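Please model the entire structure based on the sequences and the hints provided.
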Amino acid sequence: MEFERREAPFVTPPTDVASIMQQVLLALVPAVLAYVWYFGVGILFNIGIAVIFCVLGEAFMMRVRGRPVDVALSDYTALVTAVLLAFCLPPLTPWWVTATGALFAIVVAKHLYGGLGFNIFNPAMAGYVAVMAAFPMYLNIWTAPRMGDLDYYYMGFYETARYVITGSLPDYLSFDAVSRATPLDLVKAGLNNMRTFGEIQANPMMGDFGGRGWEWIGNFTAIGGGWLLLQKIIRWHIPVGVLAGLLVPSGILYFLEPGLHASPGFHLFSGGAILCAFFIATDPVSAATSTRGRLVYGFGIGLLIYAIRRWGSYADGVAFAVLLMNLAVPAIDKLTRPRIVGHPKRRRGTPA
Amino acid sequence: MTAPTYDLGKLHGGLRLPAEKDRSTSTAIRSMPLPEQLILPLAQHVGEPAHPIIGIGERVLKGQLIAETDGIISAPIHASSSGKVVAIEPWPVSRRRGDKAPCIIIECDGEDRAIDPGDQLPAYQDLPPEDLQQRILQGGIVGLGGAVFPTAQKLMQAVTAPLDHLLLNGVECEPYISCDDMLMREYALDILKGGQVLMHALGIDSCYLVVESDKPEALNSIGIALAELDDSRLVLKQVPTIYPSGGEDQLVQLVTNREVPSGGLPSDVGCIVQNVGTAAAAHRWINMGEPLISRVTTVTGDGVADPCNVLARLGTPLAEVVRVAGGYTERAATMVIGGPMCGKSVSNDQVPLVKATNCVLVMSELPSAGREMPCIRCGECAEVCPVQLLPQQLFWYACADDEEKLRSFGLTDCIECGCCDLVCPSHIPLTADFRKAKGRMRELADEKARAERARQRFEARNERVRRERLERDRELAAQKQAALDAGPEAIKEMLERAQASGKPADEDD
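Chains as they are written, first to last, in numbering that gives the first Met the number 0: chain A, 0 to 351; chain B, 0 to 508.
Keep in mind that the hints were calculated from the coordinates and are not lab data.
Remember, predicted model here, so these are calculated numbers, not experimental data.
There may be inaccurate statements among the hints.
[As the list claims (entries may be wrong)] Calculated lysine-lysine pairs in the DSSO-like style (CA-CA distance at most 27 Å, straight line):
1. B/Lys447 / B/Lys404
2. A/Lys333 / B/Lys491
3. B/Lys20 / B/Lys343
4. A/Lys333 / B/Lys9
5. B/Lys437 / A/Lys231
6. A/Lys344 / B/Lys437
7. A/Lys333 / B/Lys435
8. A/Lys344 / B/Lys9
Below you can see the structure in the form of structure tokens.
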């Protein structure tokens, strides 16, 4: 009898890139639902627009580069980039802002660096920073969280759609009626105005730890992140690194001078910290690869988020922190190479 | 009897694979009828192929030496049954590359007459270790775990270093394979006695029998055999079931917590590893006078009807072996020698069973692995690598053919276990790529050696040409001087003579 010859191993790998990305998307569902509940349907428009432009950008670039388009589209990576970008944008974002970020993420940050697996920067964060540079005025308008006792106008589907398409509110609405400063802005401004953290927390926007609503989005994001950990889609090193990098300095400073610094709980549950720890920093392509390297990489991101929030001019620092650590990845990888079994321990200062 | 102990060293990474062994362990080891023809490759071991010492047409007896060692690392081959040598010719065999290799082909007479053993076998205890090693060499014993390194040479090499432990490897970590498990269940005493023989050949007093915790029957029968032998030098060690803990260096690390240095051997850390099947074969040869002419092999997979273990003569065509396991099912599509992780596929079933054949795995059509995607640097490969390599970096450098980086990132330390392949979400055939890169590195080294030889030859030639030219110049000068000394008349005469023959006298090239 004749047989076909093949190379070992003769076992089919149980995972593939597409299923990993699908599970990441699935893990984001609780966070999206919480987001819709607290901040309205805006994020759904963001996601839709980002998805459309990311997919178009991906297809276009693959075609231009002469690669198979269907392969790239079926790996779901462009969708993950789109959803993460949408998460970072305010619930009210005009479509061209989202589209710019999506195209920059895919075309420039991903494909001009060689496509999947070769991009040194996290595409979603690169797209966000591009938008931040191009349209800073659109990134400050956050709707207020839907809490019973807050006096504000909750925008419906059509009003949100109208804003997304035209970039303006209907005549009967003003930005003051629909939007509120984010907790991070409140704390930054408050601390800069010499108010204590305790005083700032008395603001009705502030909850037990972070801002009201934000805390719950954080919880739901963490549920998805925990599920990814259980599914072994991500490993614990980067999330723990990020959270430690954020909580250690904020904890120490809060412990020393509780009035002058926001609490670690506030930092954890504000802005994109949890999303970053579980979903953004864990993008494998642009992260460090060894386990020790990933701890260092995550910790660096956490530290930078804290530093930017505390001393920088931006309210949140996730995007810059991630991009800066992306730059450090080659060095981290080089310095944290594990010792090969059977090799002597490398001395410090000897060439790798 | 010593209680089983869990031990202690830790292996990096590894995988818990579905064992798939129950398929073939439900029935006892089956013996099989003699085949009509035995095909015995001359190269059934690592090293130089054996050198045939019988002629075509000659009759041979079971156990008769038919090919002797040739070179420093080699092993002899014995006839597995009685019959007539009909050919010594290339025949399909299992190899990574290429299909055929020279084989001695014996037509069996069906009588299975054994050769007369001659004198009484000496008790191994009375032999000095060196003589015992020589005797083991004559039995054609090689490592039966699949690596087929000649056992005697391994022993001789190992005793050059101070040794502490002999490890008998009963860790059969690859899925599907169960021949060592069954051997331990049914021939535990043979294995332990083989351990005693090997200890004597090594001059040491410590032998660990290492078995995985998922083999309760084997553990049990070894326990009984240990009690029967009552030899305190033999110790049973139980280890957790993790692939690839049965690799030689991995086993040493797991049991003794010592790391075999890169490029070194277990004897560098005072250990020597032998497969349990090898120990049993050593016992049968040294104590019973039967050279290595048969082995237990697992015939399994969803491509055979009735998976089982078979005690088969070396040289039996695999088609016959499969017949013992109920023949093929309709789904049979791939035949692999060895396990699914490290085995080699063969293109047809006329390939003979050889000393290395621990498993014949017949599988149905494998689901396509899917398209190979770019590496997403997820790092799972590095998590599971038992040698703590960074396969994703190695892959990168293998693509770039960067030999220096490949070396510094430890390509030569790769044991080709296939763990990285299995966890790669991008379905990159990492192990195959590394195998190729290693091949290229060897080629490059060969090429360098060739280039060096060519350079030396070239320089030698230049030197020779220079020397010849100098000599000729000297000769010409001498002739000229002679002519000048002879005077102008003589020169004129010489020129005329030269012109007459149509050749200038003072130019020669």
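Is A/Lys333 close enough to B/Lys491, meaning Cα to Cα at most 27 Å?
83 Å, violated
So if I understand the rule, the pair passes when the alpha-carbon distance is 27 Å or less; does B/Lys437 with A/Lys231 pass?
32 Å, violated
Below or equal to 27 Å on CA atoms is what counts here, so check A/Lys333 against B/Lys9.
25 Å, holds
Against the 27 Å threshold, does the CA-CA distance of B/Lys447 and B/Lys404 hold or violate the hint?
Holds: B/Lys447 and B/Lys404 sit about 18 Å apart, inside 27 Å.
Pair hint A/Lys344 and B/Lys9, alpha-carbon separation not exceeding 27 Å
17 Å, holds
For A/Lys333 and B/Lys435, compute the direct alpha-carbon distance and say whether it is at most 27 Å.
The hint holds at about 25 Å.
Verify the proposed pairing of B/Lys20 with B/Lys343, using a straight-line Cα cut of 27 Å.
19 Å, holds
Distance restraint between A/Lys344 and B/Lys437, which requires alpha-carbon spacing of 27 Å or less
The hint holds at about 24 Å.
When the structure is compared with the earlier hints, violations turn up for hints 2, 5 and for no others.
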